[in-house]
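Chains as they are written, first to last, in the working numbering: chain F, 1 to 292; chain A, 1001 to 1444.
Just so you know, these hints were derived from the structure itself, not from any lab.
Any given hint could be a false lead.
Unchecked claim - Some chain A residues flagged as far from chain F (calculated, every beta-carbon gap over 10 Å):
| hint | residue |
| --- | --- |
| 1 | Ser1044 |
| 2 | Tyr1067 |
| 3 | Gln1182 |
| 4 | Ala1194 |
| 5 | Gly1219 |
| 6 | Ala1267 |
| 7 | Asp1325 |
| 8 | Phe1376 |
| 9 | Arg1422 |
To be verified - Going by beta-carbon spacing under 10 Å, a handful of chain A positions derived as facing chain F:
| hint | residue |
| --- | --- |
| 10 | Leu1193 |
| 11 | Gly1291 |
| 12 | Asn1412 |
We put the CB at the ideal spot given by N, CA and C, even for glycine.
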Amino acid sequence: MTRFGYDERSAALLVFPVLAVLLVVAAFPIIYSFWVSLHDIVLTRPLRRPFVGFDNYFRIFDDARFWTAVARTTVYTLVCVVATTFLAVLVALLLNEVFPGQRLLSALLLVPWATPSVVNGLMWKWIYDPTYGLLNGLLVQVGLLERYRVWLGDPDITLLLIANAAIWKQMPLAALLMIVTMKAIPEDLYRAARVDGANIWQRFVHVTLPALRPGLMLVLVYETMISIRHFDLFLIMTQGGPGDASFTLSWLIYVETFRSLRFGTGAAMSYVLAITTFALSWAVIRFLGKRI
Amino acid sequence: MTSPAKSFSRRTAAAGAASAAMMLGAGPAALAQPAGAVNFIGWSAAVDQVRAQISAFQAATGIAVNYENFPWAQYRTALVTRLVANAPIDCSWISDAWLPEFAEAGWLADISDVSALTRYNAETTAYCTQSMVYNAKQYGLAYYGDHMSFMVNTDMLARAGITTPPTTWEEVVEQSLRMKQQGVAEFPLLLSLAADTWLIEFVSALNFSFGGRFVDDAGNAVMADANRGAVRAARFLREAIHTHRILSPGAVETGEINGLRAFGSGAHAFAIVPTYRIRALNDPAQSSAAGKIRLALMPKGGPSGTHETCGWIRFWGMTPGAKADRARRERTLRFIEFFGGRDTAGNYSMQKLLLTDMGLPSCAVPLAQDPEVVQFWQRWAGGGAVVAEQSGLARKKDVISPWFGEWVETSNQAWQNICLGRAEPEAAMRAAGAKWTELKRAFR
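Only chain A is shown next, with the shape it has when bound in the complex:
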């Protein structure tokens, strides 16, 4: 997911300063709290920032933290095996996609009755809170919430004489063909469609922008429905690759990171990218297209198109074991609040750090008015208006379910086969829909 920030020395210094401030603010009483460790597992992202915040937390509360992290690609399996083996985990990072299966397995504690955490709902964007709720129970506090953004390379648009970014996918095709004709880019559109963990977010964003759904409100598969399903988006992808040739056939082997590099190299004019990558894309040290990448609303597709996109959230979850034990519960709640809510000084320090250092958008509403946050969006995205508008149009993945982990394998293959021209969009979506129905039935 995210890569560790480079500014370790700055982080360390910040941690030291924060620790000192906390110690002064909290006084000896805080340091005299009974010692005990919080066992926290996360994926290998923002490692320096997390460590810095842990130092601040330990200084402020006297509570030790055992921090373990695993690469994102192996994280779910690593966490599940530990949970199955009853490893002493108190708190972990959870993806919204895993919430139903983790909740059904009894690995996440319901925090709906923990007012110390639920009070933050009033300051959290509704979309983020909803993403932490399953069967009317809330299972965590937000780590960050992000969405897929449509990004444009303004320099390439200007070179093609285009003054306004496209607002529909039809315009994307039109402008791309123009750029191809003028030799500005061979494949103006970039989509990362490798069969990895990001693929469902990319195709969901595209699908939502075409007004499509994978499943209806009752959880039944409608993805193969020609009018309200994912077929229109699938057809667009196939045509973009095979008819218009504005999207490289190599998209099926382009992962999110490689896509980011390719877009940053200035070889593509349009891309769907997680919003938090805007910082890296406009950073001259990391991208040769720096300063030229801007956000635009997700183009609308087809007759029922919208500017909607796919959003997701990662959150801090507590294990039932930690909740059941009073001392562990106390420690863990303080830890989660310090990271996912306000710290002991009353600031959203972690959420702010994640945004300013990594570009990870926050779910905390009050932070939007923070001068540093405003400055951040101004510096890296030319302003925060589009981010805010697109964030309001983000939908959580409609396929999140207890069988999501299994279904997504079939879905990924279906989308890749569409891109390869090896399957008709209708047939591929029917196959994905059939798998969904089979898994849903088997779950009962």
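With the rest of the complex left out, here is chain F:
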């Protein structure tokens, strides 16, 4: 008597190539990078790579830069996630209505999302430029500024300006997900609410918002995962500066790994970031999932 029939064996055989590829391209790097994180590997000292166990993890928690980066990343992620979600809901509410030009507006909405990240970063860097930037030009012309000012070079607002560039790019996809969720809300619910005398605000709070929870959960999880790991905008716009004003976890990992060439601590930091991302996503799903 065999445990697996012909169908099961055939299925296993067909799945095997994909499984093998996944093992090589996904599982191996994950396992190997964890192994690297347990060693003190500095590329410029190729002859020594001692096994240090979890010392790299302890070391990064003792590193002041790490906690600075955690603080910056927290602020950045919060701003990005909250603003993106809020704006996405507003845009979705607008585009869920029927009005002339609605289709064109929906199509245009996707332009920022389709813009490559590097282009987005460069574009906003130019917009914020202190000498020839569009933002300065605009604000001076409308009389809101007397003279050109420094934007990205101001450490008090750098993080917010980078977040703005990220929100501009990320919001369209979030809005699209919200629109899809809104389209699934039965019209009967609104009719019933109207019969009960609910005004527009009450209909939004008691009908739309509860029905948006699946979409909201998706957007919150996705935006959290994306924002916490953002790197490209920081590379292009500020390189972690000025000073340490935009020194986020992703930037710290880049500096540690590719500038200081400390692959051991860089890998350990990457694991901390990955675990944090998973934990946050799990928390969002658990918190909102219960209410769906």
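Assemble the complex: chain F is given as a structure, and chain A must be docked to it using the hints.
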């Protein structure tokens, strides 16, 4: 670093002519040399000039060359990963800043015993040779050597009624304030202080001109020392931005290239710029301030100030793998000599090409007398006297060490925090000094 020259067709033609001349000069014997490839990696600078010279080299020697290049910003990482993976590299461009760590890692071959290359030391400026030496061993042949120069926009000075460029930083402040009052410039002084690979050269130049040092001769951090450290230079920067307002607070987000553009636009009267940029700055096709930019000696700062500046060198380095294999060694040495020394016709053709096409100053002493070189400096800088004098006052970065790559991240943040007014100069330099000491101890 440098951008490729525009005159590709001229380069190609030059390469063809050079190749033909070499072939005629070297004869069939050279072409009959055993074939084999030299694997060379450089950063994406002077690409057309390098290709032209490679063509000439191949024509003269029959040795093939595999040439790869990477952008400067990613170059060190790209090269290190290849070296770690034992990629078959024979020769590469190396920055003086990486020499100790590369030498300690065993990625560079000591060429002190290679007379075919060391004989050029007699014709190389001492500063350049010293920059290729680590622990009494020489690791390469010069590609180019340059230094930070103090440049002035003579037109703006004239408009403010200033006839003599400043010789001290105090005079820079004084003249800048005058220009501000007269509306000649909002921020007369331009410094590129973005936290990129150039920042250490800019602040080193400033520091040296204030008579300061980051580390002493024994390699101990003295940067926080109020008298001989970098504190005076740091204070000057902070005051220039926040007190005198002669330097834009946007300097912290101004990279070297953007700084160059801003200075070329004619918006600033004074700037610290790599010398090789003088050609672009005085080229009407690239700069609206063309013809108005002149070199002056680095101003002195404070009571122990000097006209010293920061110099640096890039050089041709050979890998130990290439040195260990006789055939590879032979090919690579010929290649390095052809580019970093004299070609088969006995000329410093590459060094001259780099100067005349790109403005990259050469380390080869004999070239200084070359009529074309003299003409070059006359045309683009109004003469070569200041360049020569400043070059003699150039010091290599005193922070070059096996831990430089790590330390410079902390240093960059410290300088930016000073410029932002977020850290006191003394405290910021103490933090940078502490990091230096920590890394130095860890290296042992």
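Hint check results:
1. Residue placement check: Ser1044(A) keeps its beta carbon more than 10 Å from all beta carbons of chain F (closest about 17 Å).
2. The claim that Tyr1067(A) is not at the interface with chain F holds, since no C-beta of that chain comes within 10 Å of its own (minimum 24 Å).
3. The Cβ of Gln1182(A) sits about 18 Å from the closest Cβ of chain F, beyond the 10 Å cut-off, so the non-interface label holds.
4. With a minimum CB-CB distance of about 7 Å to chain F, Ala1194(A) fails to clear the 10 Å threshold, and the non-interface call is violated.
5. The beta carbon of Gly1219(A) is kept farther than 10 Å from every beta carbon of chain F, the shortest such distance being approximately 18 Å.
6. With a minimum CB-CB distance of about 7 Å to chain F, Ala1267(A) fails to clear the 10 Å threshold, and the non-interface call is violated.
7. Remark: the non-interface label on Asp1325(A) is consistent with the geometry, its nearest Cβ contact in chain F lying 20 Å away (cut-off 10 Å).
8. For Phe1376(A), the requirement that its beta carbon stay farther than 10 Å from each beta carbon of chain F is met, with the minimum near 31 Å.
9. Arg1422(A), annotated as away from the interface, has a beta carbon of chain F within 10 Å; the closest lies near 6 Å.
10. With 10 Å as the threshold, the beta carbon of Leu1193(A) comes within range of chain F, its nearest partner Cβ sitting at about 9 Å, so the hint holds.
11. Violation of the interface hint for Gly1291(A) is found here, the shortest Cβ-Cβ separation to chain F being roughly 22 Å, above the 10 Å cut-off.
12. Among the interface hints, the one on Asn1412(A) holds; its C-beta lies about 8 Å from the nearest C-beta in chain F, closer than the 10 Å criterion.
Going through the hint list in order, the structure does not satisfy hints 4, 6, 9, 11.
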